[in-house]
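Undergrad: Assemble chain B onto chain A, guided by the hints.
Keeping their order, the protein sequence lines are chains A and B.
Counting from 1, one number per residue, gives the positions in the first sequence under our numbering.
Counting from 1, one number per residue, gives the positions in the second sequence under our numbering.
Note that the list lumps identical chains together, so a pair holds whenever it fits in one copy or between two copies.
Derived DSSO-like pairs (lysine-lysine); straight-line CA-CA distance at most 27 Å:
#, residue 1, residue 2
1, Lys135, Lys70
2, Lys135, Lys200
3, Lys70, Lys60
Think of the hints as simulated: they come from the structure by calculation, not from any bench.
Because the structure is a prediction, the values reported are computed rather than measured.
Number of protein chains: 2
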Amino acid sequence: MSELVRGSGSETDAAVSDGRLLRGARSRRAIERHAVDVASLEGLSGLSFGRLATDLGLSKSGVQTLFGTKESLQVAAAGSARDAFTDAVIRPALAVPRGAARLRALIDQWIGYAEEPLFPGGCFWAANLADFDSKPGPVRDALLRQQRDWRGFIATELRHAADAGEVADLDTELAAFQLDAVLVAANIALRCGDREAGDKVRRVLESFLVPPR
Amino acid sequence: MSELVRGSGSETDAAVSDGRLLRGARSRRAIERHAVDVASLEGLSGLSFGRLATDLGLSKSGVQTLFGTKESLQVAAAGSARDAFTDAVIRPALAVPRGAARLRALIDQWIGYAEEPLFPGGCFWAANLADFDSKPGPVRDALLRQQRDWRGFIATELRHAADAGEVADLDTELAAFQLDAVLVAANIALRCGDREAGDKVRRVLESFLVPPR
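Chain A with its partners taken away, still in its complex shape (with noise of 0.2 Å):
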C-alpha cells in the first residue's frame, strides 16, 4: 500500500507517477481494499473516487478510469471485501474435520473478525445489506450472493454434523438463517460495547449441536 500514499510533486509528476502506479492488477486491488475499509465505515454509498484518489494520494481520474462506474467500483469492493473474510474466516476454518467441530472453528474465527475487526466499521456486509436492501441493482445482487453463499456454507455443515450423528435432527436452512442473523446482531452489540456478544453466539451455535437423544 505504501507506493500508493507515497506523496508526488507537480500535477504532471502526479499523472505520470499514478500512470505507472495505476498499472497492474496490484494497485487496482489495494484501491479496492481500501473502498472496503472506507465502506465498512461509511458505507458503499458512501465512496466516491475523489475520496479514494485523496485518501491513497492518486489522481481522481486515474482512479475512475481503472473502474470506470460507481457502481463497479462498489463490486469491485464487495469482491475484495469478500476476499478478505474467506482468507480470515472460512480458509482457517477449512483446516477443522468437517460437522460441528468445523462450525465451532467457523464461529470462533467470525467472533476474532468482529472483535479485532478485519474491516475498521466491523462487519462488511451488516453494514451494506441494511443499506442496500432498498436498492435493487448490480451492487444489492452481489451482496445477496455473497450472504447466500455464506448461509449455504454454515447450512452444508450443520448438515454434515447431522448427517454424522453429532447433532440430532435440524432444519439447516433455517439454523443456517437464524445464525447469520445472530452474528450481524452481535457485530452491532461488539460494536456498542457488549462484550457477551460473542458467548452469546456461541450459546446459538450450541443449541443447534445438541447430540442426538
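TA: Relative to the frame of chain A, chain B by itself:
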C-alpha cells in the same frame, strides 16, 4: 400533514406562513414523522434541515429553529419512530393475553409492519443501528435504549409463557436476543423479495414456544 405541504407564494409569504405552521407541537410532530420516513430509506445520517424543509414546503431556518441541531433532530426522529412502532406493533399485541398468545400476536404484527412497511425503507432500527454502531453519541444511545426496551419486552413475555407452564425452560434473555436478530434479518430478506421470511420468523418463534414434556 397536508397543511405542511401546501404551496406558498413569495419568500415573505412563505416565512409568515411558516411562522404559523411551525408554532405548536403538531407541526413538530409532522416534521419528525417525515424525518422517520426519510431516515428509514437513507439513514438518520441522511437527514438534513434543508431536505426536510424542501420536502414539506417549509423554510430551512424555520425547521432548524424548531430542532436546533441535527443531532436533536435525529434523536427526535428516533422517538417518533418508536411511537409509531408502538402504535402499530406493540399496542395491538397488548390486547391479547400475556405469554405465548401475546408473543404470536406480536410477531404477526411485526411481520405486517415489515411486509406493508409502516416506514418506506422498512424497519427503522434495522437500517439505523447498523449505521450508528460505529458512531457513539446521543443518537446511538437513543437507538440502543429502544432496542433494549424492545428485547426486554420480548424477554418479559417469554418469561410469562415459561411461568405459566406454556413453554419449557428457556434462557429468555438469549431467546429475545435471537428473536430480535431474526426479525432484523427477515426485514432485509423481505425487502429483497424473500416471501418466506415471515414464515421463517414464525418457525423460529415456535421453536422457543415448545411446551414442557
